[in-house]
Amino acid sequence: GQNIDQPTEMTATEGAIVQINCTYQTSGFNGLFWYQQHAGEAPTFLSYNVLDGLEEKGRFSSFLSRSKGYSYLLLKELQMKDSASYLCAGHSGGYQKVTFGTGTKLQVIP
Amino acid sequence: DVKVTQSSRYLVKRTGEKVFLECVQDMDHENMFWYRQDPGLGLRLIYFSYDVKMKEKGDIPEGYSVSREKKERFSLILESASTNQTSMYLCASTPDTSYEQYFGPGTRLTVT
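Chains F and Y are the protein sequences, given in the same order. All residue numbers for the first sequence refer to our numbering, where the first residue is 4 and numbers rise by one. All residue numbers for the second sequence refer to our numbering, where the first residue is 638 and numbers rise by one.
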């Protein structure tokens, strides 16, 4: 099985940088996802990391360390619209099965 | 654009009723999933299907069944609804060539 841990809530200031951490314990690990979910809406895909290292995609970057069972999502130049829950999810096994963490609710304040 | 649609955004049912939640995707994806999302518990996988007529139990299948008669449609069935099945239900799909899951808008089910 899988165990995914991430902080429940975070607050950051508009224009700043925030890092959301995720640790995982899993067997047969393939890769790690980050999804964004605004209140009342469906999750939308942000990133999928398979290899160690940092992957940058505009204002958002995602990092993975397989040896440490650790990932983070880095959001730069925060905007008010970035207020949302950020879901860390581990992919393991032969099927397309993904296990989600409980999500980190990020509040961006002026 | 991939589109995943769910039959209802809001649904209210009584305890003991049989409930059908329908999900349709228009991108010929092989894999489809049903999750429920509850505060403090996150998204939990109920069932998934990797092909027509094929299904696999997820982490919390008790009290649910599924049906996939056509590739584009995946149905979640609550045989006898109970109040602890009040939740947000999310359907997702993904092709074999990618791991990115595309989610539907969700159905908020209330069982009274």
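Hints may be right or wrong, so weigh each one.
Cut-off 35 Å, straight-line C-alpha distance, at most; resulting in silico cross-link-like pairs (DSBU-like, lysine-lysine) [stated by the list, open to error]:
1. Y:Lys650 x Y:Lys694
2. F:Lys108 x Y:Lys692
3. Y:Lys650 x F:Lys60
4. Y:Lys655 x F:Lys84
5. Y:Lys640 x F:Lys60
Treat the hints as calculated values from the structure; they're not laboratory data.
How the hints compare with the structure:
{"no.": "1", "hint": "Y:Lys650 x Y:Lys694", "in the structure": "holds, 24 Å"}
{"no.": "2", "hint": "F:Lys108 x Y:Lys692", "in the structure": "holds, 32 Å"}
{"no.": "3", "hint": "Y:Lys650 x F:Lys60", "in the structure": "violated, 43 Å"}
{"no.": "4", "hint": "Y:Lys655 x F:Lys84", "in the structure": "violated, 39 Å"}
{"no.": "5", "hint": "Y:Lys640 x F:Lys60", "in the structure": "holds, 23 Å"}
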